[in-house]
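Asks: Below, each chain spelled out in residue letters.
Protein chains: 2
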Amino acid sequence: MSKKRVGIIGAGPSGLAQLRAFEAAKKKGEEVPEVVCFEKQSNWGGMWNYSWRTGVGKYGEPIHGSMYKYLWSNGPKECLEFSDYSFDEHFEKPISSYPPRPVLFDYIQGRIKKDNVRDYIRFDTTVRWVSFDENTKKFTVMLDDLKNNKTYAEEFDYLVVASGHFSTPNMPYFKGIENFPGNVLHAHDFRGADQFKDQNLLLIGSSYSAEDIGVQCHKHGAKSVTLSYRTNAIGVDWPEGMKEMPLVTHFEEDEAFFKNGETEKYDAVIMCTGYQHKFPFLPDNMRLKTKNNLYPDNLYKGVFFNENPQLIYLGMQDQYYTFNMFDTQAWLARDYMLGKYKLPAKDERRVDIDKWLERNENLKDGHDHVDFQSDYIRDIIKLSDYPDFNLDKVAEMFKEWLKDKEENILTYRDKTYQSVVTGTMAAEHHTDWMDEMDDSKERYLFE
Amino acid sequence: MSKKRVGIIGAGPSGLAQLRAFEAAKKKGEEVPEVVCFEKQSNWGGMWNYSWRTGVGKYGEPIHGSMYKYLWSNGPKECLEFSDYSFDEHFEKPISSYPPRPVLFDYIQGRIKKDNVRDYIRFDTTVRWVSFDENTKKFTVMLDDLKNNKTYAEEFDYLVVASGHFSTPNMPYFKGIENFPGNVLHAHDFRGADQFKDQNLLLIGSSYSAEDIGVQCHKHGAKSVTLSYRTNAIGVDWPEGMKEMPLVTHFEEDEAFFKNGETEKYDAVIMCTGYQHKFPFLPDNMRLKTKNNLYPDNLYKGVFFNENPQLIYLGMQDQYYTFNMFDTQAWLARDYMLGKYKLPAKDERRVDIDKWLERNENLKDGHDHVDFQSDYIRDIIKLSDYPDFNLDKVAEMFKEWLKDKEENILTYRDKTYQSVVTGTMAAEHHTDWMDEMDDSKERYLFE
Ligand SMILES: Cc1cc2nc3c(=O)[nH]c(=O)nc-3n(C[C@H](O)[C@H](O)[C@H](O)COP(=O)(O)OP(=O)(O)OC[C@H]3O[C@@H](n4cnc5c(N)ncnc54)[C@H](O)[C@@H]3O)c2cc1C
Ligand SMILES: Cc1cc2nc3c(=O)[nH]c(=O)nc-3n(C[C@H](O)[C@H](O)[C@H](O)COP(=O)(O)OP(=O)(O)OC[C@H]3O[C@@H](n4cnc5c(N)ncnc54)[C@H](O)[C@@H]3O)c2cc1C
Ligand SMILES: NC(=O)c1ccc[n+]([C@@H]2O[C@H](COP(=O)([O-])OP(=O)(O)OC[C@H]3O[C@@H](n4cnc5c(N)ncnc54)[C@H](OP(=O)(O)O)[C@@H]3O)[C@@H](O)[C@H]2O)c1
Ligand SMILES: NC(=O)c1ccc[n+]([C@@H]2O[C@H](COP(=O)([O-])OP(=O)(O)OC[C@H]3O[C@@H](n4cnc5c(N)ncnc54)[C@H](OP(=O)(O)O)[C@@H]3O)[C@@H](O)[C@H]2O)c1
Numbered sequence: 000m001s002k003k004r005v006g007i008i009g010a011g012p013s014g015l016a017q018l019r020a021f022e023a024a025k026k027k028g029e030e031v032p033e034v035v036c037f038e039k040q041s042n043w044g045g046m047w048n049y050s051w052r053t054g055v056g057k058y059g060e061p062i063h064g065s066m067y068k069y070l071w072s073n074g075p076k077e078c079l080e081f082s083d084y085s086f087d088e089h090f091e092k093p094i095s096s097y098p099p100r101p102v103l104f105d106y107i108q109g110r111i112k113k114d115n116v117r118d119y120i121r122f123d124t125t126v127r128w129v130s131f132d133e134n135t136k137k138f139t140v141m142l143d144d145l146k147n148n149k150t151y152a153e154e155f156d157y158l159v160v161a162s163g164h165f166s167t168p169n170m171p172y173f174k175g176i177e178n179f180p181g182n183v184l185h186a187h188d189f190r191g192a193d194q195f196k197d198q199n200l201l202l203i204g205s206s207y208s209a210e211d212i213g214v215q216c217h218k219h220g221a222k223s224v225t226l227s228y229r230t231n232a233i234g235v236d237w238p239e240g241m242k243e244m245p246l247v248t249h250f251e252e253d254e255a256f257f258k259n260g261e262t263e264k265y266d267a268v269i270m271c272t273g274y275q276h277k278f279p280f281l282p283d284n285m286r287l288k289t290k291n292n293l294y295p296d297n298l299y300k301g302v303f304f305n306e307n308p309q310l311i312y313l314g315m316q317d318q319y320y321t322f323n324m325f326d327t328q329a330w331l332a333r334d335y336m337l338g339k340y341k342l343p344a345k346d347e348r349r350v351d352i353d354k355w356l357e358r359n360e361n362l363k364d365g366h367d368h369v370d371f372q373s374d375y376i377r378d379i380i381k382l383s384d385y386p387d388f389n390l391d392k393v394a395e396m397f398k399e400w401l402k403d404k405e406e407n408i409l410t411y412r413d414k415t416y417q418s419v420v421t422g423t424m425a426a427e428h429h430t431d432w433m434d435e436m437d438d439s440k441e442r443y444l445f446e
Numbered sequence: 000m001s002k003k004r005v006g007i008i009g010a011g012p013s014g015l016a017q018l019r020a021f022e023a024a025k026k027k028g029e030e031v032p033e034v035v036c037f038e039k040q041s042n043w044g045g046m047w048n049y050s051w052r053t054g055v056g057k058y059g060e061p062i063h064g065s066m067y068k069y070l071w072s073n074g075p076k077e078c079l080e081f082s083d084y085s086f087d088e089h090f091e092k093p094i095s096s097y098p099p100r101p102v103l104f105d106y107i108q109g110r111i112k113k114d115n116v117r118d119y120i121r122f123d124t125t126v127r128w129v130s131f132d133e134n135t136k137k138f139t140v141m142l143d144d145l146k147n148n149k150t151y152a153e154e155f156d157y158l159v160v161a162s163g164h165f166s167t168p169n170m171p172y173f174k175g176i177e178n179f180p181g182n183v184l185h186a187h188d189f190r191g192a193d194q195f196k197d198q199n200l201l202l203i204g205s206s207y208s209a210e211d212i213g214v215q216c217h218k219h220g221a222k223s224v225t226l227s228y229r230t231n232a233i234g235v236d237w238p239e240g241m242k243e244m245p246l247v248t249h250f251e252e253d254e255a256f257f258k259n260g261e262t263e264k265y266d267a268v269i270m271c272t273g274y275q276h277k278f279p280f281l282p283d284n285m286r287l288k289t290k291n292n293l294y295p296d297n298l299y300k301g302v303f304f305n306e307n308p309q310l311i312y313l314g315m316q317d318q319y320y321t322f323n324m325f326d327t328q329a330w331l332a333r334d335y336m337l338g339k340y341k342l343p344a345k346d347e348r349r350v351d352i353d354k355w356l357e358r359n360e361n362l363k364d365g366h367d368h369v370d371f372q373s374d375y376i377r378d379i380i381k382l383s384d385y386p387d388f389n390l391d392k393v394a395e396m397f398k399e400w401l402k403d404k405e406e407n408i409l410t411y412r413d414k415t416y417q418s419v420v421t422g423t424m425a426a427e428h429h430t431d432w433m434d435e436m437d438d439s440k441e442r443y444l445f446e
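From first to last, the protein sequence lines stand for chains A and B. Going left to right, the first sequence walks through residues 0 to 446 as numbering that gives the first Met the number 0 numbers them. Going left to right, the second sequence walks through residues 0 to 446 as numbering that gives the first Met the number 0 numbers them.
Derived by calculation from the structure, the hints in this document are not laboratory data. In this text the structure is predicted, and so the values were computed from the model without any measurement. Don't take every hint at face value.
Copies of the same chain look alike in the list, so a pair counts if it fits in one copy or across any two.
[Claimed, not checked] Distance condition first, Cα-Cα at most 30 Å in a straight line; then the derived DSBU-like pairs of lysine-lysine: (1) K242 - K414; (2) K341 - K264; (3) K414 - K26; (4) K57 - K258; (5) K68 - K258; (6) K242 - K196; (7) K222 - K264; (8) K26 - K345; (9) K218 - K264; (10) K218 - K381.
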């Protein structure tokens, strides 16, 4: 019998986790399928592979990245540590709990470089279209080799969708926005605070992007930052120059009108209104159709597409946990593809999914969310040999982190946490976060 | 025998010309195939359907439009007039030679609304993938109904690609640009001059976009505008506050270094560096692979894909002529699909293409370009019943227009020209272009 073939779409943290999972099995002497990963960018790392570009890239593909200059981890690194590759192993000394993007990118790469998996990745290659043959039970994937302007098809037994879901903006319309004279952009196209220096900024949204872009712009010299919320205000004690307002109802030229009857003029509007789960390369019967939430429907154990579990989705949840969650998912998916983990029947899977969906509907606050995602990981980590880690402790850290942010949104990144993988206590960064204007790796690791 | 089916991709001026061409034949009593047009936007008009958005639209599809506020025709309207629907017929009075975008959009819609073709268009529908079956000689087109998040396939005997080629940016990299602190954008994402008021702007490129965006920003209050050219400067007498420089070699923070050794600091960089012909929905053996030029290779008579003439491309040339050229192309394509116009053998077609390519290679200046495209239209207009128009006269107007621009880049839009369709002399606009800050149709038609 010929080797099974696995196709992975995307070489971000999730796709790389899948490659790493197969490599780990191979090192243990197991027979693994032929694995190919397709990545439309020229490098791996997904979101963490920063691009100065907005719009489209060199080959005219939509830019995937939503990260920006001066982006620092917004949660303690101890909450996302790989349990098979610690920060200590990588940096050989304790570092702070909130590293900037280049440092975390370095860490991701450190692990994956230990394996020789780069050869499995076809870069500058976009997945254009997928079909599934009910008779042969195989996927045909249409690929676009961007560098050579060549398309070709390949067949796979399993398809792992690891294309991320924080890339395609959700950009609502507000009456009059078409006549707003200043810059109107989505958080996806925000590349740094510098150009907004001395400006009065309006950010729409009340989640991570609004909070972080707002704080960064404040730090880097915006004149004022207003956050406008639809459902709930973030509700922390904002420093002078930052405030929250209810939702914008409409615009007249540069003037925003808010639900509470107040109005104010702005220089620029940044829509921090989240992202769409978008899979233009999949026929609709294979598409995950969901909003950003902790348990997207139709995914058994959060990964197996219930209609056809040969189709696997990684990292499609809203994320407290990130790298370590992708790992637990990838290890489980691998064991299924290796025939080591057997799925129950479709109906049984449905019952399990529904149980989680019901619980998800009744979550009340951040603490509930953390416990929910911790329990989800607990549920799947035991099904593979991914190294267990102290989930109770991580959940505690997340709750502490929520408190830190509430206490002081400008200084929470100066706190330190303890690794559950190595027990190491994080170092204090040489400079207070509010005074640290340089986010380079060189500066960060400088002693 | 069942009716043949024609699929049209795009409802911009070219796609609409194709619909109109079939409708014209139908009105003459001819039997026409079943025609379906797919348009990913929610309205017709292509580029002329302005969007305030940049990046992606409501459904996460890349925004097609590259037009902006305060965009006025950059050539005399008399050079693009439909020969079967005059400006007089539409506006019922003489208007000026350089109308703003909303007015030309109105004109395009006026003609198409006379036919009942809107029902043939499926809006909010993106063509995702096309394949061609050598046995059945049919195209299968995978469609994505964005509103309903549904995909489906349809078969066609002929496929008309009218998806435009001024939408996917060509965005070169310049060393250091990643650290430029200000706004860096492509002309495609430029939405108006207002936000650049009082700024020092650097525009890279020396063609229509650079010239027009530069002049608009100057008009609307930019502090200074520098245009940086790669091959040739535009070379007109720039007004104070505008100038041309050789190509940028690199950036250091907000400072641009030019080839001539000079340096200057800027607030924003707009890359007016043209567009890519991009067909992500086609397999590479059906893709037109070309730069922006007057005679793309592999298109017989500028429309029939030589490898497979059931595949038709409209409007893929660089454009002096626009609407009237698309019409002559669409009428010819229609007659081929109706079986009224027969193609010679592939080799013969190749010889004809080569003849044009050779001539294209030896063109020297703007006048040569105009004559070339005039001759091309002359070559195809006689092959269908599209109403002939005085091409010599139009070519003369284009040459006059080139001179007008050279004489004064700020006032050329105040000139008037005479229609070759009706003989009407254009009216003078009530306000000098440099003083006209409102580009609405209401203001334009106000007396
Ligand atoms: C602004 C921002 C800040 C964030 N900050 C943090 C943080 O501080 N800490 C944290 O833990 N998490 C953070 N995240 C969450 C982040 O999404 C995850 O850390 C992680 O990147 C998700 O990994 P992924 O592999 O699932 O998706 P991604 O990282 O998005 O990678 C998906 C990959 O798939 C590729 N791809 C997509 N479509 C195709 C296609 N058709 N063909 C081929 N390749 C394709 C993309 O190019 C990309 O490389 C942040 C997210 C955003 C948007
Ligand atoms: C900034 C700018 C200014 C211009 N100004 C002038 C001017 O003053 N005068 C002039 O004559 N010309 C001007 N032009 C040229 C302009 O391109 C043409 O006038 C005309 O719009 C070209 O028509 P088209 O139908 O070929 O392409 P477009 O107008 O680009 O229309 C293509 C259509 O195809 C659709 N489409 C693309 N891909 C898909 C898909 N996969 N599925 C479904 N639908 C799809 C798009 O949404 C769009 O509606 C300008 C162009 C630009 C970029
Ligand atoms: N490392 C960092 O510092 C950093 C920075 C930014 C982002 N991130 C990450 O990026 C990911 C995405 O975060 P996100 O904040 O972009 O998305 P998100 O968490 O999905 O939040 C979307 C926000 O948009 C609002 N919204 C949606 N539609 C709206 C509408 N029509 N009108 C008004 N508001 C609307 C939502 O409000 P409702 O509550 O009303 O729905 C919500 O506040 C997260 O994983 C986050 O951790 C990290
Ligand atoms: N109505 C209006 O007012 C208006 C306004 C804007 C645009 N338009 C239309 O839009 C269409 C597109 O025009 P366009 O100007 O965007 O594109 P274009 O005519 O194709 O010109 C592209 C320009 O980019 C330059 N360029 C390309 N790559 C470069 C690089 N790596 N470095 C430096 N320069 C580079 C080219 O220089 P080289 O000469 O060196 O190749 C050229 O000057 C035209 O049909 C035009 O009529 C109309």
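Asks: Which numbered hints turn out to be false for this structure?
Replies: 2, 3, 8, 10
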